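K.L.:
Top to bottom, those sequences are chains A and B. Taking my numbering, the leading residue of the first sequence gets 1, the next gets one more, and so forth. Taking my numbering, the leading residue of the second sequence gets 1, the next gets one more, and so forth.
Bear in mind the hints are in silico, worked out from the structure with no lab data behind them. Note that the structure is a prediction, hence the values are computed from the model and not measured. Please note: incorrect hints may appear among the correct ones.
[Unchecked claim] Computed list of lysine-lysine pairs in DSSO-like fashion (alpha-carbon distance at most 30 Å, straight line): (1) A/LYS125 to A/LYS178; (2) A/LYS225 to A/LYS186; (3) A/LYS125 to B/LYS26; (4) A/LYS263 to B/LYS26; (5) B/LYS65 to A/LYS225; (6) A/LYS342 to B/LYS241; (7) B/LYS41 to A/LYS186; (8) B/LYS211 to A/LYS251; (9) A/LYS251 to B/LYS243.
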Amino acid sequence: MALGFEEVTRGFSVEEALNEASRCLHCKNPRCVEACPVRIQIPEFIAKVKELDFAGAADVIAQDSSLPAICGRVCPQENQCEGRCVLGIKSKSVAIGMLERFVADWSREEGYEGKKVHAENLGMKVAVVGSGPAGLACAGDLAKLGYDVTIFEALHEVGGVLAYGIPEFRLPKDTVLKHEVDQVRKLGVKIETDVIIGRTITIDQLMDEEGFEAVFVGTGAGLPKFMGIPGENLNGVFSANEFLTRSNLMKAYRDDYLTPIKKGGKVAVVGGGNVAMDAARTALRLGSDTTIVYRRTEVELPARAAEVKHAKLEGVKFAMLTNPVEILGNENGWVKALRCVKMELGEPDASGRRSPVAIEGSEFEIEADTVIMALGTAPNPLISRTTEGLDVNGRGCIVADETGVTSRPGVFAGGDAVSGAATVILAMGAGRKAAAAIHEYLSK
Amino acid sequence: MFRILEKEMLTPTICRMKLEATRLAKSARPGQFLIVRTDEKGERIPLTVSDYDAEAGTVTIVTQKIGASTINLVDNFNEGDSFADVVGPLGNASEFVNMAPDELSEQSFIFIAGGVGTAPVYPQAKWLKEHGAKVDVIIGAKTADLLIYKKEMSEVCDNLFICTDDGSEGFHGMVTALLEKLVIEEERHYTQAVAIGPMIMMKFTTLTAKKLGLPITVSLNTLMVDGTGMCGACRVSVGGKMKFACVDGPEFNGFEVDFDEAMRRQTLYKEEEKAALTK
Chain A
1 MALGFEEVTR GFSVEEALNE ASRCLHCKNP RCVEACPVRI QIPEFIAKVK
51 ELDFAGAADV IAQDSSLPAI CGRVCPQENQ CEGRCVLGIK SKSVAIGMLE
101 RFVADWSREE GYEGKKVHAE NLGMKVAVVG SGPAGLACAG DLAKLGYDVT
151 IFEALHEVGG VLAYGIPEFR LPKDTVLKHE VDQVRKLGVK IETDVIIGRT
201 ITIDQLMDEE GFEAVFVGTG AGLPKFMGIP GENLNGVFSA NEFLTRSNLM
251 KAYRDDYLTP IKKGGKVAVV GGGNVAMDAA RTALRLGSDT TIVYRRTEVE
301 LPARAAEVKH AKLEGVKFAM LTNPVEILGN ENGWVKALRC VKMELGEPDA
351 SGRRSPVAIE GSEFEIEADT VIMALGTAPN PLISRTTEGL DVNGRGCIVA
401 DETGVTSRPG VFAGGDAVSG AATVILAMGA GRKAAAAIHE YLSK
Chain B
1 MFRILEKEML TPTICRMKLE ATRLAKSARP GQFLIVRTDE KGERIPLTVS
51 DYDAEAGTVT IVTQKIGAST INLVDNFNEG DSFADVVGPL GNASEFVNMA
101 PDELSEQSFI FIAGGVGTAP VYPQAKWLKE HGAKVDVIIG AKTADLLIYK
151 KEMSEVCDNL FICTDDGSEG FHGMVTALLE KLVIEEERHY TQAVAIGPMI
201 MMKFTTLTAK KLGLPITVSL NTLMVDGTGM CGACRVSVGG KMKFACVDGP
251 EFNGFEVDFD EAMRRQTLYK EEEKAALTK
């Protein structure tokens, strides 16, 4: 049966959730909490699940996370909470991500909205640039504190990478994403789509002409990288961003939408992160024979273990220790193959991972008519170029401290725009910290 | 939602619309473009801005019916209707907007406008004229019926030259032949040429400009999705380097553009576009 775009991973039933929750040892010094970037009180919420108090569990999570239905689905739990679970040493870690998702999905389905906060209207305007995880979290917290918050989004859909990057089969848009956005709207946050800060209006104009007293920049890392090898401008070479944006944001996978996308044929996806897995699994669903090309081994794949597992089960092929050196085209300028070299692992590099070294004379070709480059992304320079006094580092990331304070008074930043491409939960955490810092700044 | 305030067919296939887009109208500059998404299921279509009025909060776009999306835009949307999204301005403003007034008064521009590319020349010529530069414009089309913006353009330039491939109006021949005639036979002096039109026309105009020793700027109408630097569909080789037309352009030094590659990349979705027309 052909694969569709509906969500692949089924959530827990109540019974499964209870069984899983009962496995938690409630450690005195919970290592899972330490390993969570936003320090969700994990044993505490699991205890509530055990007691069948799902609303209570949701309240515990809500203290630290504003996007649990999303993080439960997309967090790299094996490197965070679940990776440090004591049970994982001898057997299987508690499925914390699945339990978080269970609680969040229960809240959505049952219409549980959590404890109401009635903040006094402070009569102060704050602008949030970008409606991805950082922006949504920052806006939500600021609204709860009583600020008049407007989110400005460049695209026509709200959600940033959650809308254009992560596919439907991993994060359903009309249920999960829409609900999280609606929750933020219900707090009184206004969202203006189709406004590109730095083009449609600048940060300076927002502050000088529209009365915003502080601005949070959560513009993510949306600029695709290429390898710089010959043939990258051949017809049939796409950035993963383009391929995924066509499918996710523009819904090109559906026949009733007008945006085109390449379907079928032989697809090579270069890279080993979650974006590479998303692109490969999307290509597979569009009927393509798909291969992931990665220069290290499977052990070093930066993608979540679950994504690699699904990609394999679904039929994506993996060419490991393989590095492209050139994209070859036919006489009409269309891709016909990827010329690669075989790699072997050498000495560990700065990141501690063994660096791949090319094996001399090992060149070979992988037949392909589409090549998708999933090599990571960098922050978009539009804001830094058009905002006086906002410092960026050599990698184009906005310079900000732990709490989001930048070189420009009143302008705060967080998420991938500051860190470079990272995770949803880190961006959300940065958005919340910045909200607290903005509150402090405006309370002075 | 972005309301369509006026709609007018300039030729049977080219349509002009005035849209309500307050924020965009305030910040638009010559050389920039915008993106329209007609409705929920539509593409993000990059279109040229042919005029803008900050006070009225309106922008004017000119669209030629070429594929399924532009046909939908022109045929199914009328005065009083709204587009789901109008976003911009996108791309960089023309370089000349940063010139000092005394520098501008020494400039003599020759614009070479082809087909629907005539529309985006209008705000550039208008801006330059208002700022004291000399401006001549060549408008070229296959035949007289396809010429647009003759009257509007004549009001914002010093000399307007018309040419048609079939000789039905103005100079009989291509824009390149007319440009050569103006510079060589009529000894007109220009400091800068700007060509906007079909990629093939910009390629040959650049070759002519090179022969004439005339610096030339071209405005690249590549494929795009988001228009903000995110997808890279618009990448072009300029001076041997990879550039994104949406954020690095759309205007580039014509001498440095790899036009053959750019034309080839425009055909990327030809099959899909053909299929969409028969849907």
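K.L.:
What hints, given by number in increasing order, does this structure fail?
P.N.:
2, 4, 5 and 8
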